[in-house]
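Visitor: Just so you know, the protein sequences line up as chains R and B, in that order. Mapping of the first sequence onto this note's numbering: position 54 corresponds to residue 54, and the numbering continues sequentially without gaps. Numbers in this note's numbering are just positions in the second sequence, counted from 1, shifted up by 1000.
Don't read these hints as lab results, they were simulated from the structure. What you are looking at is a predicted structure, and each value in this text was computed from that prediction instead of being measured. Don't take each hint at face value.
Footprint (simulated), chain B over chain R, 3 or more residues, beta carbon under 8 Å [to be verified]: (1) 82–96; (2) 104–116; (3) 231–240; (4) 256–268.
We treat Cβ as the ideally placed atom computed from N, Cα and C, and that holds for glycine.
The primary structure of each chain is shown beneath.
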Amino acid sequence: MDGIFGIPAPLLFGQLLLGLINGAFYAMLSLGLAVIFGLLNIVNMAHGALFMMGAFVAWMLLTWFGLGYWWALVLVPIIVGAFGVLLEKLFISRLYKLDHLYGLLLTFGLALVIEGLFRNQFGSSGLPYRIPPALSGSWDLDFMFLPIYRAWVVIFALVACLATWLVIEKTRLGAYLRAATENAPLVQAFGVNVPRMVTLTYGAGVGLAALGGVLAAPIYSVNPQMGSNLIIVVFAVVVIGGMGSILGAVLTGFALGVVEGLTKVFYPEASATVIFVIMVIVLLARPAGLFGRA
Amino acid sequence: MSDTAITAGALPAPKAETGAWGFSRAQFGALAVMVAFLAVAPFVLYPVFLMKLLCFALFALAFNLLIGYVGLLSFGHAAYFGMGGYVAGHMAKAVGLSPELAILCGAAAAGVLGAAFGWVAIRRQGIYFAMITLALAQMVYFFCVQAPFTGGEDGIQAIPRGSLLGVVPLDRDMPMYWFVAGIFLAGFLLIHRVVHSPFGQVLKAIRENEPRTISLGYKTDDYKLIAFILSAAIAGVAGATKSLVFGIATLTDVHWSMSGEVVLMTLVGGLGTVFGPVVGAAVIVTMQNYLAELGAWVTVIQGVIFVACVLAFRRGIVGELGNLLRVKL
């Protein structure tokens, strides 16, 4: 094979796959951010730290309790989600009557605490997490080798995002959630326990971030900085997509991951900044974001 | 404004008391204390530590100009601080400019960057503004990792302090201290003058109620952009001065954690207060100095201070003090 545009096909498809994987994490994190923002009106700056915590809890389950990847996939979102519920109850719930910026500052402080504690405990060099045996190895697709685990991450993330969308758009619980996002006092007047729903929504958003952390653990080394490096890009993704639409957040996440992957092939110097450049262009052309409401 | 506003530190000031340059009597007193401290401190404390403190205080003052008086939370001010440092360092080392010109170049570079980023960022308000400025600053960080003149991971090292106006050598710490103290005081007075000018009144009107300010016929975007450029340029001066003091400009100064630190300093001192950023910078820099050997615990402690300030201590040190004494500091 000659390749495409003079680029060897394995390189092109390899980067495309890497882009899709990054896009999967962008999508899961920006989805959680959008849901939390919709109901709580705060930007969860701790989202990256909680993603990192998901990866670490998976590592702890394996190393300390011998519970492997499949257990982690179920337990970690619950454990970290419960931690999120605790954070909301103890700290965030005290700020709803204040300017939204205080929520941002508070969660930034929480992120610093979480990240610092993990750095103290585990150092910053990173810990390995093995790919589970059932998902190791790779398929030979003729034009490239496809590592099974990477395909699994993309598909699993896609399913998780679609499941979240289904819950929000098609179930009664989701209807309550959407109604409360539009007008919380009115929903409360109808007898729905809005404060509890707010707490659980934060827990669910955090659980989604932690699930992303579990998926990421075998790909990246598990280290305390893995969240903060990712979350700033996710903020740019959120600005590009706008926080108005769930599917919009998912689509923007995956698309930007792919764009980033392709930039690595065609113009590697710009791969770290391409998403920020796209953000600037979108802000100039459509300030509310691609899927946002002005 | 009630306690819900981000600038809860600001108390309504009795109009009649504001005298020359917008300083009230209490503020004049505080200013006198600060100037006296600046004059005495280098004979008591280590001058390099004081210079670091003053650079960060100026940085926090520049940040406070936006958050305290326009209500804009910029979460990417490290970009202007760091870029000012890089440009000044490059000009002093590779081009051989004298320190005052190098700092002016750093300020100009930061101002141009601020103009470009501000023009993009003011299209959105509130938390979006914070996220956009953070993302743009991260772009600058990656640029600084790759650009040839910044020296990548090594940074620019061995930047000469040179001679002020080509006459006064600044290699020794005491002359350098007076130079830095002069820059700090000039920046402090400039910001105070701007905030208490008719221009500054419009900025505060934007903070309180932007739609109403627009309806009164002000082009609020222009005002916000000018305030942003001014803030970025002063942050650039602070970064440029710091790089000359230490002879080094590195990636630390453009990293997002630096943006977080300046937010913390201003929050601890008191958002929207005149002296808050200075006090906050003093507290945080002193803390970092004494706790340096604790390593990552410093991050944890900073996070805890963030949380404590937001939950229980929103006026900051100076805001609480002013509330206690019933004056606006």
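Visitor: Does each hint fit the structure? Answer for all of them.
Guide: Hints, verified against the model:
Restraint check on the segment 82–96 of chain R versus chain B: 3 residues with Cβ-Cβ distances below 8 Å, three needed, restraint holds. Coverage of the segment 104–116 of chain R by chain B holds. Counting CB-CB distances below 8 Å, 12 residues qualify, and the rule asks for three or more. Judged by the Cβ-Cβ criterion of 8 Å, the segment 231–240 of chain R is covered by chain B as claimed, because 6 of its residues qualify and three suffice. Evaluation of the coverage hint for the segment 256–268 of chain R: breached, as 0 residues show C-beta separations to chain B shorter than 8 Å, against a requirement of three.
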